[in-house]
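Given these sequences and hints, build the entire structure.
2 protein chains.
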Amino acid sequence: MTALPSMNRRTFLNASIAAAASSLLPRMYGETNSSTLEEAASGSHLTPNWKDEGVLDLTNSPHAKLKTVPIRAVVIEQGFWSPRRATNVTASIPSMREELLEHGRMDNFLRLENRSTAQQRGPVYSDSDIYKWAEAVGFALQSEPLPELRRTTDEMIQTVVAAQEKSGYLNTYYVQDRAAQRMLPHTQEMGHELYNIGHLLQGAIAYYRATGDPTLLNAGMRFIDGYLLPDYGPGTNQKPIVAGHPEIEMSLIELYRTTGNRRYLELAGYILHGDDRLNLRPESITYMFCGIPFTSRTKLEGHAVRAMYACCGATDYYLETGDPAYWQTLNHLWQDLSEHQMYITGGVGARSQGESFGHAFELPNAQAYGESCAAIGNMMWNWRMLAASGEARFADVIERALYNGINSGMSLDGKLYCYRNPLAHDSSTRDKIRNPWYDTTCCPPNLERTLASLPGYFYSTSEDGVYVHLYDNSEMNWHLHSGTSLHIKQETRYPWEGDVRLHVHLPAPEAFTLYVRIPAWSRTTTVTLNDKPVEGVKAGEYLPIHNHWSGHDHVEISFDMQPKLVHANPAVADDMGRVAIQRGPIVYCMEQLDQKAGSAPIEFYGYSAHLTGETTSSFEPNLLGGVVALEHPGSFAGAPATEALYSTGEPSAAKAEPATKLKLIPYYAWANREDSSMQVWIPYIRT
Amino acid sequence: MTALPSMNRRTFLNASIAAAASSLLPRMYGETNSSTLEEAASGSHLTPNWKDEGVLDLTNSPHAKLKTVPIRAVVIEQGFWSPRRATNVTASIPSMREELLEHGRMDNFLRLENRSTAQQRGPVYSDSDIYKWAEAVGFALQSEPLPELRRTTDEMIQTVVAAQEKSGYLNTYYVQDRAAQRMLPHTQEMGHELYNIGHLLQGAIAYYRATGDPTLLNAGMRFIDGYLLPDYGPGTNQKPIVAGHPEIEMSLIELYRTTGNRRYLELAGYILHGDDRLNLRPESITYMFCGIPFTSRTKLEGHAVRAMYACCGATDYYLETGDPAYWQTLNHLWQDLSEHQMYITGGVGARSQGESFGHAFELPNAQAYGESCAAIGNMMWNWRMLAASGEARFADVIERALYNGINSGMSLDGKLYCYRNPLAHDSSTRDKIRNPWYDTTCCPPNLERTLASLPGYFYSTSEDGVYVHLYDNSEMNWHLHSGTSLHIKQETRYPWEGDVRLHVHLPAPEAFTLYVRIPAWSRTTTVTLNDKPVEGVKAGEYLPIHNHWSGHDHVEISFDMQPKLVHANPAVADDMGRVAIQRGPIVYCMEQLDQKAGSAPIEFYGYSAHLTGETTSSFEPNLLGGVVALEHPGSFAGAPATEALYSTGEPSAAKAEPATKLKLIPYYAWANREDSSMQVWIPYIRT
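Going line by line, the protein sequences match chains A and B. So the first sequence is residues 1 to 687, counted in my numbering. So the second sequence is residues 1 to 687, counted in my numbering.
FYI, nobody ran anything at the bench for these hints, they're computed from the structure. Heads up, a few of these hints could be off.
To be verified - Once the Cα atoms are required to be at most 25 Å apart in a straight line, the calculated BS3-like pairs of lysine-lysine come out as: (1) A:LYS51 to A:LYS65; (2) B:LYS299 to A:LYS596; (3) B:LYS663 to B:LYS596; (4) A:LYS299 to B:LYS596; (5) B:LYS538 to B:LYS489; (6) B:LYS596 to B:LYS564.
Unchecked claim - Not the full set, but computed from the structure, chain B residues with beta-carbon under 7 Å of chain A: (7) TYR419; (8) LYS564; (9) ALA568; (10) MET576.
The model shown is predicted, which means the values in this text are computed figures rather than measured ones. Think of the CB as a built atom: it goes at the ideal place given N, C-alpha and C, for glycine as much as any other residue.
Here it is in structure tokens:
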């Protein structure tokens with residue numbers, strides 16, 4: 001099934017979808033914890049092994065080299081991520097629930113049940129905020145029971161489901177006077193109806209995988225089976241579909257994985273292919289990153305979150321179909337991402353205007369948009385690319401985005417969120433970068449679901465063994481493809497220190513390969529197996545440790561934690577003459593308040609890093625929740641500067657004395673104290 | 001009279017103003033070309049020598065070292081400025097009149113005379129657009145008769161004057177329902193009533209100096225004498241005044257110069273001092289650049305045009321009073337301007353937000369505001385500083401602003417105007433920088449009045465001789481302070497070529513000093529008098545040529561026209577690792593459309609200038625109306641770049657091959673062809 005994109009649209013999928021479109025919606029499960037599942041008349045078939053499904057369920061995906069490991073199989077222990085994850089569950093998710101309620105997001109549903117007289121509130125995509133928040137809860141419940149959160153979320157889900165119409169339609173915006181606009185071409189482009197349902201499906205699946213409760217999932221299927229498929233699709237009697245904001249594609253494919261119902265995959269394929277009956281405007285096609293065959297895309301452009309989610313759906317489609325045209329396009333777009341479009345923080349989407357990608361190399365710092373959702377989309381896409389290939393370059397992007405451009409999105413107290421993630425900040429602008437609420441509040445629950453799902457990103461299994469992607473104190477209890485149970489315990493102070501000890505436990509000896517990721521930033525890495533060196537270490541690749549494991553082995557890895565000065569391609573105008581400092585996976589920044597004060601409010605305009613010179617690291621337990629801070633030799637131009645504003649002749653950067661020490665903190669932790677100017681890319685002096 | 005600012009506000013000026021406030025408004029002249037002038041009961045006394053008054057009338061200003069030369073005494077002949085000035089008169093001024101009429105700016109007046117039923121249109125400062133346009137006409141009429149323009153402007157002035165109320169109040173916005181808001185404290189802050197009257201006075205004075213017709217001038221005096229002074233001022237029975245948008249100060253002082261009525265000067269002094277009865281908010285005081293004693297200012301901040309106009313008024317006040325506190329503050333602010341706040345183009349006001357100054361060294365390029373009005377304000381201020389001091393550093397700023405950041409503000413066809421004057425432009429933003437009309441259309445008539453007044457900026461006289469400030473083919477027919485008539489003819493192709501020949505003609509031999517300006521950019525300059533070298537040339541100073549002139553002498557000046565690479569102070573973050581190229585007074589820029597195309601739309605992100613390497617110049621008669629274009633060795637990074645997006649180790653800028661030639665055009669001429677990306681500051685490679 002590799003030729004779909006080149007098939008004629010009119011014939012494409014007709015056999016399977018048109019038939020399914022008229023099928024009746026099965027009665028699905030309303031009870032929780034159902035352990036027996038009946039097969040739906042539509043072909044849907046909820047798998048009994050919901051507890052074994054990971055962030056994605058790639059168990060049966062023919063083109064997934066790597067299979068996911070369930071979130072509940074991995075316990076992240078005291079270390080770097082555990083306080084962030086604890087805050088997520090104790091502060092972020094509960095406070096976001098309060099915000100959602102306060103801003104009427106549940107009243108929107110209650111109103112339709114005559115249980116509220118409140119006016120509709122929020123933009124067209126407001127329902128998705130509830131669903132993405134429910135997804136965060138679903139992932140959190142896969143790690144721990146949280147009964148009160150479970151109870152209140154169950155109630156919210158009941159309220160959501162009660163607002164569903166008999167037809168299966170579910171949306172709190174396109175109702176009453178606005179109902180006539182449903183699924184009109186323009187509404188499909190901008191109205192986010194399918195985007196909302198996509199998030200409903202993702203939330204429903206996460207919640208189902210946590211609890212076995214398919215209540216919300218059934219509502220999602222009722223929309224697809226009962227409302228969407230009968231009237232919309234490629235058939236001559238169907239109206240065309242455009243995603244508008246890609247999201248439905250990956251959700252439909254995950255629904256396919258969860259139910260086995262192939263028509264969801266085929267519908268996703270149809271949407272990824274686009275329907276030329278819609279005659280979309282070229283600027284819409286660019287902005288929406290959908291509406292034409294995905295395989296005709298040649299570069300990342302338009303709205304960054306849309307583009308990332310489209311790439312997620314297309315990779316999911318490849319994982320199921322193996323379509324080589326998809327793989328070619330995805331790799332081409334990934335080259336564009338990694339060579340031209342990605343911030344050093346893993347953030348993407350340079351422009352505020354249209355929340356969009358800019359030109360190649362257009363990566364402004366203070367003006368950077370770098371929406372939290374886009375960085376998360378980047379991680380989600382690379383997770384799928386990694387599953388398809390087993391190649392470490394994708395895991396490197398995941399790590400870069402996760403530790404930096406995503407991690408920056410949530411304050412240390414878990415109650416403030418970044419929508420934009422700029423790489424420089426001028427405090428005099430008074431831009432408030434961290435806020436508890438945005439009327440477009442896509443990012444906060446997205447950050448919450450990401451932290452909640454994190455254990456699912458640590459490991460994968462393959463035919464020949466197991467992959468270690470991320471490093472933190474943790475334990476995995478899962479099994480090899482052979483069925484042999486496998487326990488891996490990680491001991492480390494990563495990312496603050498570079499030593500990782502892996503204890504590999506098996507009930508009995510067995511041969512398999514342990515793949516440990518060597519990040520591209522680690523120039524010199526040593527790996528030992530039971531204290532004997534392992535050869536063949538290459539930065540930016542997985543090191544395959546082929547071994548007949550005794551059952552009680554240990555692997556020790558020592559990464560290169562020397563801070564590195566990083567420079568950007570000279571084509572990046574905004575980083576010209578500047579360096580960033582990275583230590584391990586952590587990108588650093590300077591905040592004004594940590595620097596020795598100048599006599600005038602020149603903020604960062606006066607500081608320069610010396611291009612050569614030793615960077616020193618020290619763990620400061622009381623700084624920003626405990627971080628390794630850096631010091632690097634630099635200069636402070638002072639104010640007033642000793643040099644004229646404009647001069648001819650050689651730039652004499654060395655005049656920017658006196659010498660000083662620049663203090664740097666992890667980028668993700670910026671803006672957690674008083675408002676202060678910040679920059680990642682520091683002007684350098686070549687000394 | 002040097003102690004005013006330190007006097008108690010309550011007693012300050014009381015003697016003179018309170019007495020004047022109750023005086024009756026004199027009957028003034030309604031006829032044109034009055035050659036006999038009666039003294040007004042109020043003390044106003046229009047001078048009979050209106051034809052001899054320059055851009056400012058400094059004839060009797062005790063602290064003006066330099067005296068202005070009337071516009072009509074200088075004829076700019078075929079050369080750099082004449083086509084711009086011809087376009088100004090034939091295209092800009094007439095087309096702006098049409099725009100003003102089309103956008104209801106005259107209907108606003110006609111409505112008050114029951115001659116129009118149109119609604120009020122435009123913002124609170126719309127009347128000022130008419131007055132500033134009339135000022136441009138006034139200056140233009142000082143160079144040539146233009147009878148049709150004279151006729152239509154006379155009509156417009158009649159319409160304006162007919163809308164004046166008996167009280168002297170004149171404003172088309174604060175009428176009818178809004179009349180109750182007149183001169184309330186908040187209205188004074190934001191309502192621009194006195195700003196409008198300030199422009200009325202400036203327009204009226206220019207028109208009077210062109211025609212001898214005081215119709216508009218009388219209306220302005222009726223406002224001040226009849227409406228303002230009786231009720232507003234420092235007196236205990238008067239309400240306090242704040243300028244809101246400084247402008248009234250310099251206008252009142254020019255009115256004082258024109259009438260000899262000292263109460264106008266004193267009122268200006270009172271406004272410059274501020275009135276603490278108003279209890280203005282600190283952010284207002286910052287933004288408005290008024291409301292506290294001018295002499296308490298320590299830096300440029302807030303709205304850039306307001307700050308520049310305030311500085312103009314304060315310098316005018318110094319020129320009349322010699323108050324050393326003013327001179328000290330003015331010099332301090334000028335240091336701030338020239339060391340921290342001015343673009344290489346002479347533009348000022350870095351931020352769009354609040355159209356304001358930023359921090360020291362905050363000079364973004366693409367985001368630069370650089371309002372045309374602010375650059376003009378900068379020139380106007382420096383003209384006053386130059387008059388006060390005779391120091392060439394002020395003339396250098398005038399030249400920088402005039403040839404670059406002001407000249408850029410009007411398209412070559414004279415019908416499109418810049419409000420913002422950015423130093424970099426990304427065509428993909430689709431920002432339209434040049435437009436025929438802005439609802440806030442302050443800049444277009446400001447550009448028009450500047451070009452029309454230009455002859456008045458070429459020369460000054462002093463006790464001991466004559467100063468040459470600007471160079472272009474021109475003839476001056478004026479006289480020395482001794483009364484001896486003096487004719488100077490300039491022959492030059494400046495600014496395209498560096499040779500200037502001055503023919504100095506006198507009716508009889510006389511000793512005096514000819515001061516010729518040596519711009520700071522001219523590193524090596526030779527000057528000869530009657531073919532014999534003159535010693536003592538210093539860049540950035542006036543060269544005094546003390547001589548007993550025969551009556552038929554010639555001076556030849558040869559400036560250094562070698563293109564210069566300019567770098568900014570390292571504290572200017574946005575110019576880090578970049579160079580600009582300047583040749584003579586002209587700042588250059590690159591437009592994408594002149595460069596060899598890359599294979600990808602990376603616009604300027606891929607071009608670099610070599611830091612060393614010869615720049616070649618050639619006059620291209622068919623390019624942009626005839627300009628010297630430059631070529632400089634550079635590199636084009638190509639796309640995709642051969643280097644990774646992020647790398648550790650030494651930045652290897654030399655990889656940005658292949659070598660190419662960068663083509664540069666004068667900055668002022670950018671955006672006169674198809675939309676194209678542009679930049680002034682080019683990344684450099686140290687080769």
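Evaluation of the provided hints:
About 21 Å separates the Cα atoms of LYS51 of chain A and LYS65 of chain A, which keeps this hinted pair within 25 Å; it holds. At roughly 23 Å between alpha-carbon atoms, LYS299 of chain B and LYS596 of chain A fall within 25 Å of each other, so this suggested pair holds. Of the pairs offered as hints, the one joining LYS663 of chain B and LYS596 of chain B holds, with about 9 Å between alpha carbons and a cut-off of 25 Å not exceeded. Simply put, LYS299 of chain A and LYS596 of chain B have alpha-carbon atoms about 23 Å apart, close enough for the 25 Å limit, and the pair holds.
For the hint linking LYS538 of chain B to LYS489 of chain B, the alpha-carbon distance of about 23 Å falls within 25 Å, and the restraint holds. Between LYS596 of chain B and LYS564 of chain B the alpha-carbon distance is near 23 Å, which keeps this suggested pair within the 25 Å criterion. Taken as an interface hint, TYR419 of chain B does not check out: its beta carbon lies about 19 Å from the nearest beta carbon of chain A, beyond 7 Å. Because the closest C-beta pair between LYS564 of chain B and chain A is about 4 Å apart, less than 7 Å, the hint holds.
Here the hint on ALA568 of chain B is kept, as its CB sits about 6 Å from the closest CB of chain A, short of 7 Å. With 7 Å as the threshold, the beta carbon of MET576 of chain B comes within range of chain A, its nearest partner Cβ sitting at about 4 Å, so the hint holds.
In summary, the structure is inconsistent with hint 7 from the numbered list given earlier, while agreeing with all the others.
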